[in-house]
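Protein chains: 2
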Amino acid sequence: MTAVTELLSGYSAYFNNELNNFFPLPQGAEKKVVEAMRYSVMNGGKRLRPFLVAETAGLFGISRAQSLRTAVALEMLHSYSLVHDDLPAMDNDDLRRGKPTCHRQFDEATAILAGDGLLTYAFEILSDEKTFPDADIRCRLVNMLGNAAGAFNGMISGQMLDLYAEKIPCPKNPEQLIKNIEEMKTGRLIRFACEAGAVLGRAAAREFSALTEYARKIGVAFQIADDILDVEGDEKLMGKALQKDKNQGKVTFVTVYGLENAKKIAEELINSAKNILEIFGSKAGSLKDLADYVINRKN
Amino acid sequence: MTAVTELLSGYSAYFNNELNNFFPLPQGAEKKVVEAMRYSVMNGGKRLRPFLVAETAGLFGISRAQSLRTAVALEMLHSYSLVHDDLPAMDNDDLRRGKPTCHRQFDEATAILAGDGLLTYAFEILSDEKTFPDADIRCRLVNMLGNAAGAFNGMISGQMLDLYAEKIPCPKNPEQLIKNIEEMKTGRLIRFACEAGAVLGRAAAREFSALTEYARKIGVAFQIADDILDVEGDEKLMGKALQKDKNQGKVTFVTVYGLENAKKIAEELINSAKNILEIFGSKAGSLKDLADYVINRKN
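Chains W and F, in that order, are what the protein sequence lines are.
According to the working numbering, the first sequence holds residues 1 to 299 in order.
According to the working numbering, the second sequence holds residues 1 to 299 in order.
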């Protein structure tokens, strides 16, 4: 393990332990939906987005405990997007990180409601005064997350583009289309993670912009790495079926630019992302290492 | 038309006109999801919940324009719940107010994402500073809505109870079960409407409690009226297939208490709701009339 994967897995242990407290089990029929929510969140994810919240907030002296609830809200929202993405009407996936997807483990109605529940819970958590003392900051986080996850140039429009991209008559500018997909689907939540850290830390405008730019670049690189892993990854390590993009005729960085060029683009993005962090000096060491990890990971 | 239905339809015209501004159409593939969102919200609903927000806020001198965005957010959330409720894996309905349901008009993936988009948009709207100047109030509204709509004793747990109630081995206390269902499924959003008006108006504690109690009572009465309309309503006026509860073996107020008793219970609830409003004097006239309307409506 490198230093950053050790740091990430340490944070992940801390985070998972805290996460457990967010799922008190009710006793009635609604118990099932809460179980499905917990099942979907406690699924061995890497906790990359929560870690980004903690590390960026940490640049400004905000402790892990102080950024925890913001990180939890983001992970709830990320998990909802996976639960709904996996549904039969969407990507129709049976496995997620080697385990049955939510609708396979429970049923489709429960999975729809569990996703809805996680999305709703994200905003309830974020707006609670336990999250941060200052209501202005909490409102800003809620508003940013709603925008990042929403249908107007947010994650949901990215999902629409992803679902229907192959049905659009040959896009005139595939690079632009792909950039849109990547930016919105994976990128918007990664960007929220870094910007939320900046908001919690009351970052100055240029610090905020630097974190936005860093996030954009690692977000696109993250998606390119996913596209590459879909081609040359290990199904066991990935915990899901691969070669899906090719089989579904999806337009990805790899299908458009080819494997080697896609790798080169991802590396350039990562180098540029690390340069942007120079303004934070040595404090940003683990965020720089994390940028490298984004394209070197095996799952 | 009685005075209150005239007031309601006047508000509804104002509301629908304003609502249009909330759906700027993007140009890409995501256009479809925004169209599906708009289709689902602009569907000729009565706007009862937005009207309740406006009327309760009005008790405290808050204008319609000042409570508008809160009312819009609530209607977005209500509409999402209908879109997801209608899905094949849930109630599998083809018609809603006489028009094809969202997944019939578009497709299932788009309907899932449109519902997600409306839910997300509700929180984005509510947290925006245009909604109310004071961030404390906005945070409280977001938190209350998340709780009312959520999986922990909120609307989502009500939907789970509703979906799985018939599969639970004969409940020991059907009255309790039904009260839970009604309170959570329909009631929580009606309660939010009235409490949101109170929060916008910085209501004193006893005024807040009075509005909570009023909302609880009209919420249960509203659900009983729905159960009655399912038995003796006019399919044309309702714009959907009726007799569904009986055919699906659902446990409702009518199946448990019988039609006449159910009507009596609803009337008692409405009388009691009107009494609670006495503390507001003559200002609460239309809220009292609205209570009557809840059980006398034909759709």
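Wrong hints could be hidden among the right ones.
Note that the list lumps identical chains together, so a pair holds whenever it fits in one copy or between two copies.
Claimed, not checked - Derived SDA-like pairs: lysine to any residue, alpha-carbon spacing no greater than 25 Å straight-line:
id : residue 1 : residue 2
1  : LYS236    : LYS263
2  : LYS288    : PRO26
3  : LYS179    : PRO26
4  : LYS179    : GLN27
Since the hints were made in silico from the structure, they are not lab data.
Query raised in the report: Given identical chains, is LYS288 near PRO26, meaning Cα to Cα at most 25 Å, within a copy, between copies, both, or neither?
Result: neither (42 Å within a copy, 35 Å between copies)
Query raised in the report: Is the C-alpha distance from LYS236 to LYS263 at most 25 Å within one copy, between copies, in both cases, or in neither?
Result: within (22 Å within a copy, 60 Å between copies)
Query raised in the report: Checking LYS179 and PRO26: alpha-carbon separation at most 25 Å within a copy, between copies, both or neither?
Result: Close across copies (17 Å), not inside one copy (43 Å); limit 25 Å.
Query raised in the report: Between the shortest in-copy and the shortest cross-copy C-alpha distance, which are at most 25 Å for LYS179 and GLN27: within, between, both, or neither?
Result: Between. Shortest inter-copy distance 16 Å satisfies the 25 Å Cα cut-off; intra-copy 46 Å does not.
In this structure, only the earlier hint numbered 2 is contradicted, and the remaining ones agree with it.
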